[in-house]
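Chemist: Chains A and B supply the protein sequences, listed in that same order. Converting from the first sequence to the numbering used here requires adding 2 to each position, the first position being numbered 1. Converting from the second sequence to the numbering used here requires adding 2 to each position, the first position being numbered 1.
Just so you know, the hints here were simulated from the structure itself, not pulled from any lab data. For every residue, glycine included, the Cβ atom is placed at its ideal position computed from N, Cα and C. Each hint should be verified, as a subset may be incorrect.
[What the hints assert, rightly or not] List of simulated lysine-lysine pairs, DSS-like, C-alpha gap at most 30 Å:
#	chain 1	residue 1	chain 2	residue 2
1	A	K422	B	K253
2	A	K253	B	K195
3	B	K219	A	K343
[Said to hold, decoys possible] Restraint-style ranges between C-beta atoms, simulated for each label pair:
#	chain 1	residue 1	chain 2	residue 2	range
4	B	E25	A	M147	23 to 29 Å
5	A	V362	B	D114	50 to 56 Å
6	A	V362	B	S51	38 to 44 Å
7	A	V362	B	R355	27 to 33 Å
8	A	D424	B	D66	52 to 58 Å
9	A	D23	B	Q218	17 to 23 Å
10	A	Q252	B	I110	37 to 43 Å
11	B	I110	A	D248	38 to 44 Å
12	A	T429	B	D203	43 to 49 Å
Spelled out, the chains give:
2 protein chains.
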Amino acid sequence: MLDKVKNIVWDKDFDIFSLFDKEKEKVHPAELAQAIESIPFKYALASFSKLDYETQVYTFPYLDILLQHKLVRNLSQQCTSHLLNNLSSDERISFFSDLSHLERAVYINYLDEENRRETQNFLGYSENSVARLIDTDYATIFQDMTVAEASQHLRENHKDTEAANVIYVVDEDGKLIDDIQVRRLVLNAPEKKISDIMDGDFVSLNISDTQETAIQKFKDYDRVVIPVVNEGNMLLGVITIDDIMDVVEQKETEEIQKFGGVEKLDFPYVKTGFFKLTEKRATWLIILFLGEMLTATAMGYFEHEISQAVVLALFVPLIISSGGNSGSQAATLIIRALALKELTIKDWWFVMRREILSGVTLGVILGSIGFLRITIWQQLGWYDYGEHWFLIALTVFCSLIGIILWGTLTGSMIPIILKKYDIDPATSSAPFVATLVDVTGLIIYFTIAAVILKGTLL
Amino acid sequence: MLDKVKNIVWDKDFDIFSLFDKEKEKVHPAELAQAIESIPFKYALASFSKLDYETQVYTFPYLDILLQHKLVRNLSQQCTSHLLNNLSSDERISFFSDLSHLERAVYINYLDEENRRETQNFLGYSENSVARLIDTDYATIFQDMTVAEASQHLRENHKDTEAANVIYVVDEDGKLIDDIQVRRLVLNAPEKKISDIMDGDFVSLNISDTQETAIQKFKDYDRVVIPVVNEGNMLLGVITIDDIMDVVEQKETEEIQKFGGVEKLDFPYVKTGFFKLTEKRATWLIILFLGEMLTATAMGYFEHEISQAVVLALFVPLIISSGGNSGSQAATLIIRALALKELTIKDWWFVMRREILSGVTLGVILGSIGFLRITIWQQLGWYDYGEHWFLIALTVFCSLIGIILWGTLTGSMIPIILKKYDIDPATSSAPFVATLVDVTGLIIYFTIAAVILKGTLL
Numbered sequence: 003m004l005d006k007v008k009n010i011v012w013d014k015d016f017d018i019f020s021l022f023d024k025e026k027e028k029v030h031p032a033e034l035a036q037a038i039e040s041i042p043f044k045y046a047l048a049s050f051s052k053l054d055y056e057t058q059v060y061t062f063p064y065l066d067i068l069l070q071h072k073l074v075r076n077l078s079q080q081c082t083s084h085l086l087n088n089l090s091s092d093e094r095i096s097f098f099s100d101l102s103h104l105e106r107a108v109y110i111n112y113l114d115e116e117n118r119r120e121t122q123n124f125l126g127y128s129e130n131s132v133a134r135l136i137d138t139d140y141a142t143i144f145q146d147m148t149v150a151e152a153s154q155h156l157r158e159n160h161k162d163t164e165a166a167n168v169i170y171v172v173d174e175d176g177k178l179i180d181d182i183q184v185r186r187l188v189l190n191a192p193e194k195k196i197s198d199i200m201d202g203d204f205v206s207l208n209i210s211d212t213q214e215t216a217i218q219k220f221k222d223y224d225r226v227v228i229p230v231v232n233e234g235n236m237l238l239g240v241i242t243i244d245d246i247m248d249v250v251e252q253k254e255t256e257e258i259q260k261f262g263g264v265e266k267l268d269f270p271y272v273k274t275g276f277f278k279l280t281e282k283r284a285t286w287l288i289i290l291f292l293g294e295m296l297t298a299t300a301m302g303y304f305e306h307e308i309s310q311a312v313v314l315a316l317f318v319p320l321i322i323s324s325g326g327n328s329g330s331q332a333a334t335l336i337i338r339a340l341a342l343k344e345l346t347i348k349d350w351w352f353v354m355r356r357e358i359l360s361g362v363t364l365g366v367i368l369g370s371i372g373f374l375r376i377t378i379w380q381q382l383g384w385y386d387y388g389e390h391w392f393l394i395a396l397t398v399f400c401s402l403i404g405i406i407l408w409g410t411l412t413g414s415m416i417p418i419i420l421k422k423y424d425i426d427p428a429t430s431s432a433p434f435v436a437t438l439v440d441v442t443g444l445i446i447y448f449t450i451a452a453v454i455l456k457g458t459l460l
Numbered sequence: 003m004l005d006k007v008k009n010i011v012w013d014k015d016f017d018i019f020s021l022f023d024k025e026k027e028k029v030h031p032a033e034l035a036q037a038i039e040s041i042p043f044k045y046a047l048a049s050f051s052k053l054d055y056e057t058q059v060y061t062f063p064y065l066d067i068l069l070q071h072k073l074v075r076n077l078s079q080q081c082t083s084h085l086l087n088n089l090s091s092d093e094r095i096s097f098f099s100d101l102s103h104l105e106r107a108v109y110i111n112y113l114d115e116e117n118r119r120e121t122q123n124f125l126g127y128s129e130n131s132v133a134r135l136i137d138t139d140y141a142t143i144f145q146d147m148t149v150a151e152a153s154q155h156l157r158e159n160h161k162d163t164e165a166a167n168v169i170y171v172v173d174e175d176g177k178l179i180d181d182i183q184v185r186r187l188v189l190n191a192p193e194k195k196i197s198d199i200m201d202g203d204f205v206s207l208n209i210s211d212t213q214e215t216a217i218q219k220f221k222d223y224d225r226v227v228i229p230v231v232n233e234g235n236m237l238l239g240v241i242t243i244d245d246i247m248d249v250v251e252q253k254e255t256e257e258i259q260k261f262g263g264v265e266k267l268d269f270p271y272v273k274t275g276f277f278k279l280t281e282k283r284a285t286w287l288i289i290l291f292l293g294e295m296l297t298a299t300a301m302g303y304f305e306h307e308i309s310q311a312v313v314l315a316l317f318v319p320l321i322i323s324s325g326g327n328s329g330s331q332a333a334t335l336i337i338r339a340l341a342l343k344e345l346t347i348k349d350w351w352f353v354m355r356r357e358i359l360s361g362v363t364l365g366v367i368l369g370s371i372g373f374l375r376i377t378i379w380q381q382l383g384w385y386d387y388g389e390h391w392f393l394i395a396l397t398v399f400c401s402l403i404g405i406i407l408w409g410t411l412t413g414s415m416i417p418i419i420l421k422k423y424d425i426d427p428a429t430s431s432a433p434f435v436a437t438l439v440d441v442t443g444l445i446i447y448f449t450i451a452a453v454i455l456k457g458t459l460l
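Work the whole structure out from these sequences, hints included.
Modeler: Spelled out as structure tokens, the structure:
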């Protein structure tokens, strides 16, 4: 399709369906959305406006959020009003969630009264609550109906949408009693009572639950849709797995960006403006830089030692980076294990014992390599570390053990400590751990050097 | 529940259901599995054995894979045979996938002939193919049936399982014609023909497609189940979204671990043995250490300069770590954008221009801070950088710009280059980028120092 885009004659008769090899009717809304995203905005707008209202409603949710906003700002008021009123409630809330407050106030007036009240209500919940994902299009039946009556009821009252895949049994007050997979209405004899095919086993979410709780429930119970109720167990709507998958992806992205030492981006890399992007990176980079300045201070204290044994300076990058690397590794493992709930903060002692053992083992391995490096270079005459080369090799060996142990300990404990104080463990990013270990690592290195080289080089 | 576990009297009459506050029948298999995982293995085995066969089959898939293996090794042959034969095909394949080849050969004989043939067939496909996720329990109808006939057919031929949520219309040869949500059988009048309620719009996967392709299709089309066909369009089974969510989580974990500089773990952190864990970490740590040794070599070349101007050594950690941090940031952003398909390798030039601009901007910001640091400390008498402090400050300023620019460029381009050669971009981990930038950063720093300080300090 993208190849076709290149050969388009851009004129006012441009037809978006000319990009497809199949009939207009067979084009999936997702494909149509992809096509609209791939052409210049002017033509995207014209193409979208030309679609019939129904196709607009189906296609809109597949467009990326920035294009959604841009389109709405340019469509006729009538068109926008129809569109926004006919989106499913979760799509509508998602659209409004990402608008500025000013624009929100404008477009909310395009909604009819019921939609407006509903949207305002859900926008009142926190951005991280399930209210922001709720779909209020759901199908209900009563338990004293027969299967045939229930089917009849659904045919008369419900559209053919995803929402009808699971049917909710409610009482006269709208309180949730059970959920029933719609297949049960097919697989059970028409004369059976709904109450006889209920299993009383359902999972629900509260409207004020966080999205993390929702993700966990979807995973734990392998559901594709979970009903949402209020404090009084009144059914308010449903959450569907496609929205949950989007949330999971978004949270993973934030987590990864945090871990890489970037503030979370609100939009994809390619859609984030240059200044915004630089700002998001500069903040952490400056904080880390200020922290790392302490290395200059620390080194300053040891200037005398360095001037007496310049050879010590040669190993500074090697030694501090090893601490940083082992710290990043440990942090990665622990942050992920915490995120997947494989570990909780109660396991800190288990983690600590393990990481001390790991740190020492890894330290001895790398320390030995370092020791050998110096010995071999010295013996083969590739570099002259002076008459006290053995003591220098010993200093490097001991320092590496100390620093790698310190790195793994820091890297593994900081995420747990952050978690304890309800800060996202991923904040202890690889660069953050590395910086912390750099400063302390220098002190470890020069202290060990002072002890071992006292009376010889120092 | 975990609190209750602490107070258990462990004896042979131990009843797993005593851990729950509700009736036996109301305990969800997922909860039962959690309970079984939380008690000592001896009692887990006894509790699982005591369950009736049907409950065993429902509960088993919720147990973690290591416990699944351990249980099967200890259950009676009759029990194991019933269990393995009655698992859904995707659960069965998942169980066999993770077994050693030796054990696979043993347990495959517990299967009846049809299950054995099917399992062997799917295990023949690559570990990353959709064949390893396929569920062969699906429901089919023919297009000349009426809705009532189709419902009758399903009632007679299908169990009440997740698989019946989407019904597949096939021809006499078993070739896939369309998919129909089971709700349509409820929402359409019983006398309608199936061919009239078909929309001819379906998405399918090929049995040899990769799991990445599957993930993409689920996302693009917002599906909860997608049929799998062979080359001849014969329907072979279905893939369900819960399996896809597990795959997504697992791939994210691998991605994150790689990025943190750890080889991917086959099992969760807490379940990976100490030696395995250390080995997975040591490999990368040693590679990085060997790379980082070049810093000692590079510093060796500048030993003369350092001995003449020890003050230069003080800023080494600050300068190289800034390069490493900016590189990690860039790598994080680009790796994630590539993974989410927001970027492709064709965009390299767009990325490069952007990162050059970012690098210079960030470099000037950090460079200025560095310059000010030296100036202020010197002026206030907190540290004496000697009479040429201004030239040193200038060296630090210029070096930071050079190194941060180099860091962002390296961090952003390496993932794209790796992708071009079909290597997972996440291999360019934060520690990897940092190491690379450290070595080259030193050369940049000392070269700039040589130019600026020539004739004064050097």
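Chemist: A separate judgement is required for each hint: does it hold in the structure or not?
Modeler: Now for the hints, and whether the structure bears them out:
A hinted pair counts as satisfied when its Cα atoms are at most 30 Å apart, and A:K422 with B:K253 qualifies at roughly 27 Å. Note on A:K253 and B:K195: the hinted pairing is violated, with a Cα-Cα distance of about 45 Å set against a maximum of 30 Å. Under the criterion of a C-alpha separation no larger than 30 Å, the hint pairing B:K219 with A:K343 is consistent with the structure, at around 28 Å. The hinted window of 23 to 29 Å between B:E25 and A:M147 holds, with their beta carbons roughly 26 Å apart.
Roughly 52 Å separates the CB atoms of A:V362 and B:D114, a value that falls within the hinted 50 to 56 Å. Separation of A:V362 from B:S51 is about 42 Å and conforms to the stated range, judged on CB atoms against 38 to 44 Å. The hint said 27 to 33 Å for the Cβ distance between A:V362 and B:R355, and at roughly 47 Å that hint is violated. Between A:D424 and B:D66 the Cβ separation comes to about 27 Å, which falls outside the hinted range of 52 to 58 Å.
In this structure the hint that A:D23 and B:Q218 lie 17 to 23 Å apart at CB holds, the actual value being about 20 Å. For A:Q252 and B:I110, the hinted distance range of 37 to 43 Å is satisfied, since their beta carbons lie about 41 Å from each other. Distance hint for B:I110 and A:D248: a CB-CB separation of about 39 Å, consistent with the stated range 38 to 44 Å. For A:T429 and B:D203, the Cβ-Cβ distance of about 45 Å falls inside the hinted range of 43 to 49 Å, so the restraint holds.
Going through the hint list in order, the structure does not satisfy hints 2, 7, 8.
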